[in-house]
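Asks: Below are the chains, spelled out letter by letter.
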Amino acid sequence: DAKTTQPNSMESNEEEPVHLPCNHSTISGTDYIHWYRQLPSQGPEYVIHGLTSNVNNRMASLAIAEDRKSSTLILHRATLRDAAVYYCILRVYFGNEKLTFGTGTRLTIIP
Amino acid sequence: DTGVSQNPRHKITKRGQNVTFRCDPISEHNRLYWYRQTLGQGPEFLTYFQNEAQLEKSRLLSDRFSAERPKGSFSTLEIQRTEQGDSAMYLCASSRGTGSNEQYFGPGTRLTVT
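As they're listed, the protein sequences go chains A and B. To get the numbering used here, take the position in the first sequence, counting from 1, and add 32. To get the numbering used here, take the position in the second sequence, counting from 1, and add 44.
You may find that some hints are simply not true.
[Unchecked claim] No farther apart than 25 Å at their CA atoms in a straight line, the calculated lysine to any residue pairs in the SDA-like style are these: (1) 130/A / 116/B; (2) 130/A / 53/B; (3) 130/A / 158/B; (4) 55/B / 72/B; (5) 130/A / 61/B.
For the record, the hints were derived by calculation from the structure and aren't laboratory data.
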């Protein structure tokens, strides 16, 4: 599986936007970029995914670099409930059913 | 969706004992996954099922571990002769197996081996 690199931790103030970076320089053409997050004492939850174009959903936006070697998860207005570990995962659309988690970015929200 | 449920939520056992965990996936999901997570690490894949067929097993799944999904609905994960190194959170997830195939995780079973 292609590898992703994320900062170990980040802090952000409440009600401000948060940009969580992910580097994936060895991404292949068939890899989708998935983001999951894990709130304290819970299982991971799906956030968003994309292939080439930027994507938006009710939780977040995903900005993908033109060369696809990096991406950024954007939380538009962080709340205390967004404090979690965020995982950037590469996943082939067909086959390779498992998710390969790294250590993720621990996001702390400052009130 | 009632979500993925796992039982028990916590299990404390003595080294050498056998333990069994249960996972009930979201009802229309045909894929079910087991992961293990230790403190400070991301979840690690153990195995997955499509309906009742076990299609992939990680090398982490030693001979002491066995998983079943007999009728393609709930699944069980059994650990025989537990060791202290088995102490971890065991997570179950399910997915539809179509489209983006995002996985929905349960709350996990925390195993402590003393």
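Asks: Now tell me if each hint is right for this structure.
Replies: Now the hints, each set against the structure:
| no. | hint | verdict |
| --- | --- | --- |
| 1 | 130/A / 116/B | holds (18 Å) |
| 2 | 130/A / 53/B | holds (23 Å) |
| 3 | 130/A / 158/B | violated (30 Å) |
| 4 | 55/B / 72/B | violated (28 Å) |
| 5 | 130/A / 61/B | violated (29 Å) |
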